[in-house]
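The listed protein sequences derive, respectively, from chains A and B.
Okay, so the first sequence: first residue is 1 according to my numbering, each after it adds one.
Okay, so the second sequence: first residue is 406 according to my numbering, each after it adds one.
Take the hints with a grain of salt, since some may be wrong.
Said to hold, decoys possible - So the derived label-pair ranges between C-beta atoms look like this:
id, chain 1, residue 1, chain 2, residue 2, range
1, B, S678, A, T335, 41 to 51 Å
2, B, A557, A, T357, 14 to 24 Å
3, B, E566, A, E307, 54 to 64 Å
4, B, S456, A, N173, 17 to 27 Å
5, B, E566, A, T370, 45 to 55 Å
6, B, A486, A, N348, 51 to 61 Å
7, B, A733, A, S374, 38 to 48 Å
8, A, E336, B, S443, 51 to 61 Å
9, B, N484, A, I347, 47 to 57 Å
10, B, E510, A, A156, 57 to 67 Å
11, B, Q611, A, V92, 52 to 62 Å
Said to hold, decoys possible - Covered by chain A, per the in silico footprint, the following chain B stretches (three or more residues, Cβ under 8 Å):
id, region
12, 484-495
13, 568-578
14, 600-609
Calculated from the structure, these hints are not laboratory results.
Here a beta-carbon is modelled for each residue, glycine too, at the ideal position from N, C-alpha and C.
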Amino acid sequence: MSYGQNTSPASRERSRRESDEGEGDRVGTQHKNATERPDHPHPPLRGDLSRAAGEVYGRDPRDRGGPAQPLLLVENLRKHFPVRGGLLNRKVATVQAVDDVSFAIRKGETLGIVGESGCGKSTTARLLMRLIEPDAGATVFDGDMVGSRSGISVNAMRRQMQMVFQDSYSSLNPRMTMVDSISYAPRMHGIPRNQASERAEHLLEQVGLNPRTYARRYPHELSGGQRQRANIARALALEPRLVILDEAVSALDKSVEAQVLNLLADLKQQFNLTYLFISHDLNVVEYVADRVLVMYLGRVVETGPVEQIYRSPRHPYTRALFASKPTLDPDRRTTEMPLTGDPPNPINPPSGCRFRTRCAFAQAVCADATPDLSAPFGAPPTDGPAHLVACHLPEAQVAAGIGHA
Amino acid sequence: MPDGSMLQQQPVLDVQNLAVRFRRRGSEVRAVNGVSFSLARGETLTILGESGSGKSVSLKALLRLLPDYTETAGEVRLNGAEILSLPPAAFAKLRGGEISMIFQEPMSALDPVYTIGRQIAETIVQHEAVDRRTARARALELLERVKIPSAARRLENYPHEMSGGMRQRAMIALALACSPSVLLADEPTTALDVTVQIQILLLLRQLQQELGMAIVFVTHDVGAAAEISDRIAVMYAGRFVETGTAREIIRAPQHPYTKGLLASTVHGGLRGSKLEAIPGSPPSLVSLPPGCAFAPRCRYATDACVQDDVPVTTTPTGGMVRCLRASAVAKTQPQEVNA
């Protein structure tokens, strides 16, 4: 609640102008470039930001491996944070935030990551961007190993991979106007100032903020939804191919959330983007994602196409998670608790399968060995994206009981 | 579930024309502009609204938890007795006794320097003339009632030693310490993970059945509202725009705002289709437009909507809708809205 804020002149002015915000719905029609310049889906930056190597391919000059090659391949990503304490500030424990996470993001798809707080979904995003240095693991961006001599540098990867954060206010510099924030990264990558600003204004328009009104505003002069639009514009400033959306709509009111989700869908099509969409909101992920990754205490427990994960979840945790979702129907309320207790502390997680301490099916084998991701029990082989589950027990994968929503 | 006979009894809580203004440095924020509702024993009313709609302020006004520069007007009757005009000392006896509240963030609502057991026992001693030992025993009973495992050990815990869900349970135990007849719940599940949220909702439903208190549940989450409420009141710009049973509001909303709110509540069934977002954002509470506050964002709005205050139409089931165009809106099927 922000009544205190509403008394300030700035916010009074802000709310008066907020009626402009609905313009977001018309983004698609405002952007005419796509039709005017069919060979360039968006005006390319002239500072040689685009990689010239792939010019031979018709569509995106930066596309190197063709559509079959994953845009991002992550293998055995790991991050353990030390917990220090005691007299000599020694390491007393380890938070296994992300442990052996592997996945691929295909070109043009939206991969959703769901899980509860502490499951490592945000840490994964930060590791991909190298905002945190991973302990182990490899990332391959469109065939190029990131950070290796034969591949591409972290900087080169960041030009093609950008991120939008949950807190729209703290992720913008409070002392920079919108146009400065958005043009900052292109300028750092060598684009002349006036050219970068011009492009920033163009981007503001594309995310539904009139540049005449909003370009010279500071973050505190915008509402939450408007700020998140500006953050999206900033993420697009370097013409990335992959955008990581880390709880990007979670802090917004429902009506604004819908506006921003519509905007993201428009931009994806227009700029030929690939999304990694991280959220705790199962409904939103079901709406936006093509494939889903379910994480629990730093590990991937299940992955597959969104329909299969939501219709026939196999991992006992996934089933419990979906069964916990409020029903939206007063006549079919949840009557049984799908899970008891909170997720355990990621400091010293259980051995073997990390879910075993809350799992109704757990047996001795679950404590002894870590289950690998493999095809679910009794599933017919498919040509499409694989449905994989990390669970030892066939009976746990098929049991009805819990999770039947 | 309330039936006819219960509704005819004297309401536990009756609020008439509650209005809250914040006056500061020459500006006036009209946060709540005439909210009325009444609650029967064992009934749950959910106030559903977005941030800035005045839902939390209404709750805090009922418990007088707002800052000094607040002006509160209206009439609030608790078990038949007017409480808004009570002197502060008399009101303090009610707060945490007959009427109590749980909050979104238990970490900031609980006192970090006292153990859970001590905080609950202190509340009991304050409100009822019992000795510490009895109070302590009651505290243990309460922790067991809210299903905290190994309750005896948890009594000695400080809030920071508990997980989020556990703290929320401890806060519910604290609120229930003196068997209140009304429990005010201000977004108690918003900060929790989905698996823990459903546990807390189920717990509240069960406790209500056992203890019979009335609950005013404030949330922005349609899902939580559908799980817990008997009746729902949809709030916008400091007013209820529509009230009705949970079923009526969720199945057949009449006010354009309620419709929009439900349409923009994302679920998997909408995959591939464009979301029907409500354009724009809520009005400033400093300068509310005349007439219907939703009119500037409303696709059904006519000139009449912005002329004068919109009268309330009551529905046969005891609900109401504050919209001049309600009958026209109700006839519109969602498909037609799309076109």
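Each hint tested on the structure:
no.	hint	verdict
1	B:S678 to A:T335: 41 to 51 Å	violated, 31 Å
2	B:A557 to A:T357: 14 to 24 Å	holds, 22 Å
3	B:E566 to A:E307: 54 to 64 Å	violated, 42 Å
4	B:S456 to A:N173: 17 to 27 Å	holds, 24 Å
5	B:E566 to A:T370: 45 to 55 Å	violated, 30 Å
6	B:A486 to A:N348: 51 to 61 Å	holds, 54 Å
7	B:A733 to A:S374: 38 to 48 Å	violated, 57 Å
8	A:E336 to B:S443: 51 to 61 Å	violated, 33 Å
9	B:N484 to A:I347: 47 to 57 Å	holds, 48 Å
10	B:E510 to A:A156: 57 to 67 Å	violated, 42 Å
11	B:Q611 to A:V92: 52 to 62 Å	violated, 40 Å
12	484-495	violated (count 0)
13	568-578	holds (count 4)
14	600-609	holds (count 7)
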